[in-house]
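Respectively, the protein sequence lines represent chains F and X. If you count by this note's numbering, then the first sequence holds residues 1 to 81, one letter each, in order. If you count by this note's numbering, then the second sequence holds residues 1001 to 1751, one letter each, in order.
If you're looking for bench data, these hints aren't it; they were derived computationally from the structure. These numbers come from a predicted model, not from an experiment. Accuracy of the hints is not assured; some may be wrong.
Keeping only pairs whose Cα atoms sit at most 30 Å apart, straight-line, the calculated BS3-like set for lysine-lysine is [claimed, not checked]:
1. K1063(X) <-> K1192(X)
2. K1311(X) <-> K13(F)
3. K17(F) <-> K1063(X)
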Amino acid sequence: MAEGKSIGLREMKEGQKGRILRIGADGELGRRIRDMGLIPGVEVEVVGHAPLRDPVALRLSGVTLALRNREADYISVEVKA
Amino acid sequence: MSQAQQTGSAKVRGGGTVLGYAEGRPRIALAGNPNCGKTTAFNAWTGARQHVGNYPGVTVERKEGVAHARGQAVHLVDLPGTYSLTAYSMEEVVVRRELTENAPLAVIDMADASALERNLYLTVQLLEMGQPLVLALNMMDEARKAGYQIDTARLSRALASPVVETVARSGEGLDAALSAALEIGHSESARKGLRISYGSDLDPVLGSMERQITEAGIWKGAAPVRWFAVKLLEGDAEAWSQLQAADSRLEAVLRAEYNTVAAHIRSTTGTSPEAVISDYRYGFIRGMLKDGVITHVGNRDRLALSDKLDKVLVNPLLGPIIMLAVLYLVFQVTFVIGAYPQGWVEEFFGWLGEISTAVLPEGLVQSLVVDGLIAGLGGILSFVPLVLILFAFVAFLEDTGYMARMAYMVDRIFRAFGLHGNSMMAYITAGGIAGGCAIPGAMATRTLRSPKEKLATLLTLPYMPCGAKLPVFLLLAGVFFPGSEATVMMCMLLAGWVSALIIARLLRSTIIRGESTPFVMELPPYRLPTLRAIGIHCWERAWMYIRKAGTVLLAASILIWAAMTFPQLDEQAAAPYEAAIAAAEEKLEALPSDASEEMRAAAQSEVDQARQNLAEAELQNTVGGRLGMALEPLTSPAGFNWRTNVGLVSGIAAKEALVSTLGTAYSLGEVDPEDAGSLAETLASQPDWSRANALSLMLFVLLYSPCFVALVVIKNEAGGWRWLVFSLVFNTLLAYGVAVVAYHVGLSVWG
């Protein structure tokens, strides 16, 4: 993954996998994101979108999480180039 | 809740209550993430011996029960499910208070064995708090099936706490977990607290803070000082305000230290102390899980089935259709099946009324018992079967994990109205799939962190067709829209939703404007809930309803009976009516024995008419009658007569009361109580009742002021009397406007 490129979580396509690089959110949103297990270094996969394309469903270490696109914008991931 | 139960005390008291004991029994708390099977385990441990209440001052549910281990009774407290111990939600605040102020003997921490890393995040925080802890690796059957093997001995060494594999559904390991908790509770070393290194930036500051707080001697909590210092570094608002209250000078000193390190971390890594702490905690967990503590054999994914189901159930096209279909099915089944037991209950109360009429002497007492008590209670209790069936569905949808998917699918829509996907939960509890109750619904808004979204949800959820409004809808739909009851109910449901969403949007762009809150939430794997879990859930809800019926509603029934009986018509005023009756009766008796059937019938109906006139006059003379009459000019544009008005006023006490009041109103107006017939038949035969009246009344009932109890809960949740007044006045005005329009549209459509 050393040759990966960094993109925003929102740009990930369904079925695409990546590794979280950075959580840009602070305060309550940042805390909520971390409490749910979204932290730098974690592998995530986009498993789907809600009928209106938002929120997005993610898979990470045995758990499925949902978050809004606007919140996903705070998370940057490294995906295979 | 009694005082004795609340004082599961942290301190030694005069009576000899010791740390970690309640009523002489060891007190064990049950903690864990949502969806880890905690409730199933709690039910298995305590069976029916549960006590459900509220945490003092807040409306988060507090469950307690008695379990048995090693031949000893144990007091179990089921803490709300949380992911963390920050003060993110009311649940987390409650868990923290319970652990620091009411210190249990030990904590059983339930973790979903298949998602251990995330679950251990809470475990580590509990250990940092110095809680003697047993880690229960729950749903081990699922984990094993997915190919996970966990080396519990090594995990136990790493955590310095017992680790037990459990399967809450089958009861596997539950006794062992409880026994282990009793044992570790007596270990002093377990209370020292886990110390994690938070790196070279934070460790020195933590040490310095810990030392200064210890020297000042201000930390009185059961948790170690180190934990408090970590909370301060996390920027925890509650911890800082506690410090401020205890020693404002020290607070200023530590605040300066905090600001320095925070600035340093921001300039070097671009994050915050809080993020660093979280990274190190997860790092600690990963370190622990390395080296074969967990091995995954094979390539099986336990979420594979859930993923397949989600392909269909949250499919962009099929998902919403299936969701609507599920909701509609819930109705159909509830009302078709529910009609049978409902009929039995009605028959029973009808029989009881007849017996009482026969046994009791005619007069006020008979009237009170038959018309007030039995008619009132019967009307209320006949809906218990419906409530039971409906709550079985709600519990099923919740426990399977489908409810979370609904929130996921609708969040985008809710956000458009200034709400949150989680508002769905509150709306549904309040009656969003009909049959809920605004009271638990209002309490469910506690999961909404943004005060603005919460307030908007709180103020609009009373528009949902709660269980208490159903009797009114069912009655009117049955009489005026026979054969299409389900369609009418569905329309009422949609009307409730549309009103709630539109008013919410209106509120969010006027009196409660503001930013939206994060939506990060879990979509738990689909699971088939146990019958027992659904049974217990159903029983809790139904019992709540029955209790309300037995107290508030029964009192309301009696009050309303009194309002519709007194003052009685004085003899002078009654005399002309009595004379008319006597004259009509004389005429009937004077008929020659060979008089034709028609003549006899005409004379009889003259007698009946005379008696009804008296009854009508009597009723109009009462407090209730006068109030209803006074309101009639105001409500006639909406098609409500004075009887309906009395019913609506009593409906503010509790919506079900509307049905019993109408029953009382019309049966009191009857001549022969033994020939009262059902309220439905009575309404059907009234000339001033049509489809338009029914529609208008149903919409009014849907939208007007919440009941007393709901108003009080709304006031508590929203934090001010003005919101109570708002709900009462605004909703009633809105309902009036809608009802007037509906009545006139109805008149022009149906004539």
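Tested hints:
Restraint check for K1063(X) and K1192(X): satisfied, since their Cα atoms lie roughly 28 Å apart, inside the 30 Å limit. Between K1311(X) and K13(F) the CA atoms are separated by roughly 16 Å; this keeps the pair inside 30 Å, and the hint holds. A C-alpha spacing of about 41 Å is found between K17(F) and K1063(X), which places the hinted pair above 30 Å, so the restraint is violated.
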